[in-house]
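K.L.:
Here the protein sequences line up with chains P and W, keeping their order.
The numbering used here numbers the first residue of the first sequence as 1 and each following residue consecutively.
The numbering used here numbers the first residue of the second sequence as 221 and each following residue consecutively.
Derived from the structure by calculation, the hints contain no laboratory data.
Every residue gets a Cβ at the ideal spot worked out from N, C-alpha and C, and that includes glycine.
A couple of the hints might just be wrong.
[As the list claims (entries may be wrong)] Every beta carbon over 12 Å from chain W, so not counted as near; a handful from chain P, in silico: (1) PHE21; (2) HIS79; (3) VAL182; (4) ARG203.
[Stated by the list, open to error] What the simulated footprint calls covered on chain P by chain W, stretch by stretch (three residues with Cβ under 8 Å from a Cβ of chain W suffice, anywhere in the stretch; the number is not a length): (5) 7-20; (6) 109-122.
[What the hints assert, rightly or not] If you only want the chain W side, here are some residues facing chain P, beta carbon under 8 Å, derived: (7) TRP264; (8) ARG268; (9) LEU270; (10) GLY394; (11) MET401; (12) LEU403; (13) MET523; (14) PHE526; (15) LEU527; (16) LEU530; (17) VAL534; (18) SER535.
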Amino acid sequence: MSSLDFDVAHLLSGLMVLVCFLMLYQDRLYSLLNTFALHAVVLALAVAWQAYIQAAPHLYVTAAIALLFKGGFIPIALHRLIRRMEIHREVEIVGGVGVTMLFGLALVALSISVMLPVTSSAGTLAREDLAFALSVVLLGLLMMITRRNAVSQVVGFMTLENGLVLAATGAKGMPLVVEISVAFSILIAFIVIGIFLFRIRERFDTVDVSALDTFRGDRQ
Amino acid sequence: MALISDYLVQGVQMLLVLALAPLVTGVVRKVKARLLRRRGASVWQPYRDLLRLIRKEAVIAENASWLFRAAPYLIFAATWVAASLAPTFASGLMFSWAADLIAIVALLGSARFFQTLAGLDIGTSFGGIGSSREVMIASLAEPALLMVAFTLSLLAHSTQLSSIIEVTQSPAVGLRISLAMVLVSLVLVALAENARIPVDNPATHLELTMVHEAMVLEYSGRHLAMIEFGAALKLLLYMSLIGGIFVPVGMARSGDPWPAYFVGMGAYVAKLGVGAVALGVFETAIAKMRVFRVPEFLGGALMLGFLAILLLFVSRGHL
Numbered sequence: 001m002s003s004l005d006f007d008v009a010h011l012l013s014g015l016m017v018l019v020c021f022l023m024l025y026q027d028r029l030y031s032l033l034n035t036f037a038l039h040a041v042v043l044a045l046a047v048a049w050q051a052y053i054q055a056a057p058h059l060y061v062t063a064a065i066a067l068l069f070k071g072g073f074i075p076i077a078l079h080r081l082i083r084r085m086e087i088h089r090e091v092e093i094v095g096g097v098g099v100t101m102l103f104g105l106a107l108v109a110l111s112i113s114v115m116l117p118v119t120s121s122a123g124t125l126a127r128e129d130l131a132f133a134l135s136v137v138l139l140g141l142l143m144m145i146t147r148r149n150a151v152s153q154v155v156g157f158m159t160l161e162n163g164l165v166l167a168a169t170g171a172k173g174m175p176l177v178v179e180i181s182v183a184f185s186i187l188i189a190f191i192v193i194g195i196f197l198f199r200i201r202e203r204f205d206t207v208d209v210s211a212l213d214t215f216r217g218d219r220q
Numbered sequence: 221m222a223l224i225s226d227y228l229v230q231g232v233q234m235l236l237v238l239a240l241a242p243l244v245t246g247v248v249r250k251v252k253a254r255l256l257r258r259r260g261a262s263v264w265q266p267y268r269d270l271l272r273l274i275r276k277e278a279v280i281a282e283n284a285s286w287l288f289r290a291a292p293y294l295i296f297a298a299t300w301v302a303a304s305l306a307p308t309f310a311s312g313l314m315f316s317w318a319a320d321l322i323a324i325v326a327l328l329g330s331a332r333f334f335q336t337l338a339g340l341d342i343g344t345s346f347g348g349i350g351s352s353r354e355v356m357i358a359s360l361a362e363p364a365l366l367m368v369a370f371t372l373s374l375l376a377h378s379t380q381l382s383s384i385i386e387v388t389q390s391p392a393v394g395l396r397i398s399l400a401m402v403l404v405s406l407v408l409v410a411l412a413e414n415a416r417i418p419v420d421n422p423a424t425h426l427e428l429t430m431v432h433e434a435m436v437l438e439y440s441g442r443h444l445a446m447i448e449f450g451a452a453l454k455l456l457l458y459m460s461l462i463g464g465i466f467v468p469v470g471m472a473r474s475g476d477p478w479p480a481y482f483v484g485m486g487a488y489v490a491k492l493g494v495g496a497v498a499l500g501v502f503e504t505a506i507a508k509m510r511v512f513r514v515p516e517f518l519g520g521a522l523m524l525g526f527l528a529i530l531l532l533f534v535s536r537g538h539l
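Use the sequences and the hints to build the structure in full.
P.N.:
Okay, here's the thing in structure tokens:
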């Protein structure tokens, strides 16, 4: 493997982690969605590069799926959803951007320090790909935890899935069938969550999920 | 003979930064004025301002201590030394053993320390506000700058600027996301440290927003000239750092024949011109942010620096 191959792969997967941080930084829904679309585009580029250096043509399909569904369809649909629910002006409560950022950094450090010793027998490319993918997954989880707005929780979930795809393409040989079924399950999850969002709003006049807490049965 | 020419080149660099610093400030002001469709002052205006200030009488408040009078010279001296160590038109100069990134951070830090003390010295409320805000900004900008220094030194295995530039000049450096992150981080820090627009406005005297101007409000005459000159030098220093480390095109190396130095000087002036125009365009395009949002802005710089170090650690297996 030549140095340029490694450098570009490193660049793209590092960019994915960086865009994750950009997403944590956003406090408007529209800009969050745009950043998410950017994340998907970077993912598509990273996967396409993996396809090129591994000479695995089926990964190009994965990249196309990522670009079409996650970079195009889902952000546009969420944009429409937000406009229809008239929450596009809402500045959501994140609970301190700085604290979230620090948590995110700690998570990246954690995933690197966990992944590097565990995968010491694998090639450099797969190792760092896995480390970055784990950090993207953890950052997506962090986003789901720190956001109260249901739409941004959906975005956090999709980010997590992007991390999984990155991991799968780095570790050679995910069959195309799996990838297609994952893409469809994401779509179905998106539809379910969309319906769920409307239900929440019908009931509570808000998409802030903390409104659900008051309806919990077993409160200590 | 070699010794003499080494001294000569180092001396030329010290004089060059001194000669070019007001011009850079003038170009930035001119670009901003032209973008606002004003005619703007000539690019030579900062030189005339400095001359006028030096000729004028210095008015000093009654309760000013010796520190108030000494601070402008200390600030100017520290900034000048830092600027003459920064990479300009040639690497591997006479004093490049002292041109350490951390030393430059420390020199700028001590200049800022004296500036904030001088702001507090008179006891006016403006000086106090300015100093407290300056320290708040500095406490975030300096760690970010150190992160940048650490990333570069991890890459070059040295904190000396000349060896860092040798690494970034060599083709072995390749495509590195860490370098891109560090570049963005350094630009953000440079904007904050030079009191440029998203953080502070260098052209305002509105008490709600000023940081740097509030501290130097009591100064006049030659003291003010020294401080303004110091600020111009600082701007030049950051531009040279960014240009020297990330775009080391055309820089002469030690031992090169004479023409290489002239090429380096031309490239350096061109880099400064591009930097000044870019800064003017950026400042016109963006609005100033509230003082309390500055921590988020600089937190971003700190985060980028830290992330760059982490990513560098990951790829170290390959190095």
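K.L.:
Taking the numbered hints from earlier one at a time, note which ones the structure violates and give those numbers from smallest to largest.
P.N.:
Numbers 1, 7, 8, 9 and 12 - these are the hints that the structure violates, sorted from lowest upward.
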